[in-house]
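2 protein chains.
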Amino acid sequence: MSLNPIIILVAPQLGENIGASARAMKNFGLTKLRIVSPRDGWPNPKADSMSVGAIDIIQNAQIYDTLLEAIADIECLYATTAQPRDMNKNYLLTQDLGRKYPQNQKVAIMFGRENCGLTNEEIAHANMILSIKTKPDFSSLNIAHAVALVAYECYKTVALPEENSKLDNEQIVCTRGELEYFFDHLFNELEANKFFKVPEKYPHMTQNIRNIFTRIDKLSQNELQTLRGIISSLSKKT
Amino acid sequence: MSLNPIIILVAPQLGENIGASARAMKNFGLTKLRIVSPRDGWPNPKADSMSVGAIDIIQNAQIYDTLLEAIADIECLYATTAQPRDMNKNYLLTQDLGRKYPQNQKVAIMFGRENCGLTNEEIAHANMILSIKTKPDFSSLNIAHAVALVAYECYKTVALPEENSKLDNEQIVCTRGELEYFFDHLFNELEANKFFKVPEKYPHMTQNIRNIFTRIDKLSQNELQTLRGIISSLSKKT
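First to last, the sequence lines map onto chains A and B.
Counting with our numbering, you get residues 1 to 238 for the letters of the first sequence.
Counting with our numbering, you get residues 1 to 238 for the letters of the second sequence.
Derived from the structure by calculation, the hints contain no laboratory data.
Each hint should be verified, as a subset may be incorrect.
As the list claims (entries may be wrong) - In silico DSS-like links for lysine-lysine, alpha-carbon gap of 25 Å or less: (1) Lys-89/B with Lys-46/B; (2) Lys-156/A with Lys-89/B; (3) Lys-100/B with Lys-197/A; (4) Lys-194/B with Lys-100/A; (5) Lys-197/B with Lys-133/B; (6) Lys-194/B with Lys-133/B; (7) Lys-194/A with Lys-197/B; (8) Lys-156/A with Lys-106/A; (9) Lys-197/B with Lys-236/A; (10) Lys-32/B with Lys-237/A; (11) Lys-197/B with Lys-156/A; (12) Lys-236/A with Lys-237/B; (13) Lys-100/A with Lys-46/A; (14) Lys-156/A with Lys-135/A; (15) Lys-237/A with Lys-218/A; (16) Lys-100/B with Lys-46/B.
Claimed, not checked - If you want the footprint, here are the derived chain A segments under chain B, 3+ residues with CB under 8 Å: (17) 57-66; (18) 96-102; (19) 172-185; (20) 227-236.
All C-beta atoms in this analysis are idealised placements derived from N, C-alpha and C, irrespective of residue type, glycine included.
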């Protein structure tokens, strides 16, 4: 059985890179491509021609205006970065991806734009960082190369379905969209309670809070409901 | 010690692919490039621009008219192919390259032209075939992707042991005792807000809540402080 995570390209700039990414995906058996806000619009003839025989992946690609829409149904989201960032987020090295792949979840792996990768805000949505180890002094990978390396690792893996599945409990893992709804609830209540005293720090503080809750492995719908119940209960004014 | 085989591109057609190959080499610490009979001559401005910061590799590339000249001083030559060919030659998979790398020899790895790879005659010069496992029905890799995968495997071999530990962030992980203090705070506030409506369910409900927060891997002291701040803020009665 081979791994088939959804590949999400976040705001890619060049059609050539989208096409080359699709080709690399197909070389290693990945089929599902999502693209968030491609700079040059869609469809893109350069993506078509660079995909060579992977035109089916290009034609079936799903296009989104925002990252939140693209990840709404995802249960386990990885953010790729070349170098570890100074964020409080767990890291997984690409070579360990196959061994630690969450078998029974809807998995997506996102890749950033050519010139500057993923923003910290985008990374904060992820459960985990997927890190490709490069030379520290030359860490900027071509995006299609990064997709190729991840796809290669997925294909190389001989998955161990029966071993992995035992770890899963029977609860339904919440999606990124459901988690986002929870964050909306939490941040609204915190604002109402003047938790964010300095407005400029709002992005940083909410990002830190996201990084805490996105680290909860396999957070279930029931558990998310409990967390929402806690917020409602605590913020009740009597 | 790092692996630094010579990369030989045999009759590459597009300057873009030469540049992208150089960039991928540099990402993973390979420095030595040889090019046999590049179709569009040399130097090639497209190779320069696609190399991005790896221009040094392009500028130091050695150019040869024939493969025989390019491999004359090589002690161990690998020929890359996507699919095993019907040749009487030993195969090595890319994932085993690091483990079986001939340490004390001058090693080169050659890659074929974009449209048809290496000829059987060229492969015959190699000591061994280095095979990148792909989907059998879509095995044609972009040449720079192939270089990237091989370079990645070379780097992976050497970079990991000592560097792995650096991936951990520098924050102090909270102790179980500190976490318990957080739970006391949370459960007290929840009780004050009548969250536990049915007393008999108290043990079960608190256990569920514990199970959520104890799953946060490497929860730091700072983050625990944030969580306590959230509880204090939400439960503030105004």
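Task: Hints violated by the structure (numbers, ascending) - done: When the structure is compared with the hints, numbers 1, 3, 4, 5, 6, 7, 10, 11, 13, 15, 16, 17, 18, 19 turn out to be violated.
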